[in-house]
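Visitor: With the hints as constraints, model all of the structure from the sequences given.
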Amino acid sequence: MDSRLKCTITLLFLAGCSSGMDAVDIAKADVKAQLIREQAQQAVIESKQEQAHERLDLVPKWVIEPPQNDSEGVYGVGIGTSSDLAVAIDKAKLKAKYLLVQSLKEQVSGNEQNYIKDTESKTTSQYTQLIDTLVADVPLAGYRIVKQDVVPIEGKMNAFVLMKLSYADYEQALLKDNPAQSEEIKSAFNELHHRVALYKQQQE
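Quick note, the sequence shown lines up with residues -23 to -1, 1 to 181 if you use mature numbering (1 follows the signal peptide of the UniProt record, and there is no 0).
Hints were generated in silico from the structure; no laboratory data involved. Bear in mind the structure is a predicted one, so any value in this text is a computation, not a measurement. We put the CB at the ideal spot given by N, CA and C, even for glycine. Any given hint could turn out to be false.
25 Å max Cα-Cα, derived PhoX-like pairs, lysine-lysine [claimed, not checked]:
| # | residue 1 | residue 2 |
| --- | --- | --- |
| 1 | Lys124 | Lys68 |
| 2 | Lys124 | Lys72 |
| 3 | Lys124 | Lys82 |
| 4 | Lys133 | Lys25 |
| 5 | Lys124 | Lys70 |
| 6 | Lys25 | Lys38 |
| 7 | Lys68 | Lys133 |
| 8 | Lys133 | Lys74 |
| 9 | Lys82 | Lys68 |
| 10 | Lys68 | Lys9 |
| 11 | Lys38 | Lys9 |
| 12 | Lys124 | Lys74 |
| 13 | Lys133 | Lys38 |
| 14 | Lys68 | Lys38 |
| 15 | Lys70 | Lys82 |
| 16 | Lys72 | Lys133 |
| 17 | Lys38 | Lys74 |
| 18 | Lys133 | Lys70 |
| 19 | Lys72 | Lys38 |
| 20 | Lys72 | Lys82 |
If you anchor each label on the Cβ, the simulated ranges turn out as follows [what the hints assert, rightly or not]:
| # | residue 1 | residue 2 | range |
| --- | --- | --- | --- |
| 21 | Leu35 | Val123 | 18 to 24 Å |
| 22 | Glu42 | Tyr75 | 27 to 33 Å |
| 23 | Val8 | Ile130 | 37 to 43 Å |
| 24 | Trp39 | Val64 | 46 to 52 Å |
| 25 | Lys82 | Ile130 | 29 to 35 Å |
| 26 | Ala4 | Trp39 | 55 to 61 Å |
| 27 | Glu131 | Asp47 | 31 to 37 Å |
| 28 | Glu42 | Lys9 | 43 to 49 Å |
| 29 | Ala145 | Ala17 | 55 to 61 Å |
| 30 | Asp7 | Leu62 | 52 to 58 Å |
| 31 | Glu83 | Asp34 | 28 to 34 Å |
| 32 | Asp126 | Lys5 | 51 to 57 Å |
| 33 | Ala63 | Gln28 | 32 to 38 Å |
| 34 | Arg14 | Trp39 | 40 to 46 Å |
Guide: Right under this line is the structure:
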C-alpha cells in the first residue's frame, strides 16, 4: 500500500479515536478509507494503462497488423528485447524465422491433406515423405528481411523484424539440393500455388 495512503487512513482512525467517535462515525470513516484505497488503486491501474498505450504507440504498425500470407509466400514477424542491440535483433530474426517455418508448415500440411483425399496409399506415402522434406529442410537462402526497426523502450532495445519466404525461392533452393526429386517438388509446389491462389479468390 502507498505510504501516503497509509498515513491518511491512520490519521482518520486517530482522529476518530480522539474525538470519541461512535460506531456510526467509525463505520463512515471506514467507508471513507475504503473509498480512498479504491481511488488509489484505480489511479495505479489508469497509470499502467496509459504507460501501456504509450509503449504500444512506439511499436511499428506492421508488427500489429502484419501482411497476410499470399500466393507468393509466407510472412513472419519477430520481436526481440535486450539491453544489447545485437542480441535484440538476433532474437527478433530467430522468432521471425520460426514463425515463417510454422506458416509454411501450415500451408504445406493443408496441401498434403487435400492431396491425400484423391490419391492411392503408395502415392500418398511418397508425397508425405516429400512434404516432410519440404518442411524439415527450409532453406535459409529463401528468407528475406522486408522491414526492420529498433525502438528503445524503458531502457531496453526492442527489435522488430518482418521476414518473407517466397515459394519461388524456397522451391529453387530445394531443386538445387534435391535434383533427383525435381519433378515431385515442382508438382508439389504447383499444387501449393494453385491451392493458395484459389483460397485467396474465395476470401475476396
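Visitor: Each of the hints needs a verdict: does it hold here or not?
Guide: Each hint, compared with the structure:
1. Lys124 to Lys68: holds, 15 Å
2. Lys124 to Lys72: Given pair Lys124, Lys72 holds - Cα atoms ~14 Å apart, limit 25 Å.
3. Lys124 to Lys82: Roughly 23 Å between the alpha carbons, so the hint for Lys124 and Lys82 holds.
4. Lys133 to Lys25: holds, 18 Å
5. Lys124 to Lys70: OK: Lys124 and Lys70 at ~11 Å, within 25 Å.
6. Lys25 to Lys38: holds, 22 Å
7. Lys68 to Lys133: Between Lys68 and Lys133 the Cα gap is close to 13 Å, so the pair holds against 25 Å.
8. Lys133 to Lys74: holds, 22 Å
9. Lys82 to Lys68: Satisfied, since the Cα-Cα distance of roughly 21 Å is no more than 25 Å.
10. Lys68 to Lys9: Cα-Cα ~50 Å, so violated.
11. Lys38 to Lys9: violated, 45 Å
12. Lys124 to Lys74: This hinted pair holds, its Cα atoms lying about 14 Å apart.
13. Lys133 to Lys38: Holds: Lys133 and Lys38 sit about 20 Å apart, inside 25 Å.
14. Lys68 to Lys38: holds, 19 Å
15. Lys70 to Lys82: holds, 18 Å
16. Lys72 to Lys133: holds, 18 Å
17. Lys38 to Lys74: holds, 20 Å
18. Lys133 to Lys70: Status holds; Cα separation ~17 Å.
19. Lys72 to Lys38: Holds. Lys72 to Lys38 sits at ~18 Å (cutoff 25 Å).
20. Lys72 to Lys82: Holds, at roughly 15 Å.
21. Leu35 to Val123: 18 to 24 Å: For Leu35 and Val123 the Cβ distance comes to about 20 Å; the hint holds.
22. Glu42 to Tyr75: 27 to 33 Å: violated, 20 Å
23. Val8 to Ile130: 37 to 43 Å: holds, 41 Å
24. Trp39 to Val64: 46 to 52 Å: violated, 22 Å
25. Lys82 to Ile130: 29 to 35 Å: holds, 32 Å
26. Ala4 to Trp39: 55 to 61 Å: holds, 56 Å
27. Glu131 to Asp47: 31 to 37 Å: holds, 35 Å
28. Glu42 to Lys9: 43 to 49 Å: Check passed, 47 Å falls within 43 to 49 Å.
29. Ala145 to Ala17: 55 to 61 Å: Given a distance of about 59 Å, which is inside 55 to 61 Å, the answer is holds.
30. Asp7 to Leu62: 52 to 58 Å: holds, 53 Å
31. Glu83 to Asp34: 28 to 34 Å: holds, 31 Å
32. Asp126 to Lys5: 51 to 57 Å: Taking Cβ atoms as reference, Asp126 and Lys5 lie about 55 Å apart, which means the hint holds.
33. Ala63 to Gln28: 32 to 38 Å: Given a distance of about 27 Å, which is not inside 32 to 38 Å, the answer is violated.
34. Arg14 to Trp39: 40 to 46 Å: Given range 40 to 46 Å: holds, Cβ gap about 42 Å.
Taken one by one, the earlier hints fail for this structure at numbers 10, 11, 22, 24, 33, listed in ascending order.
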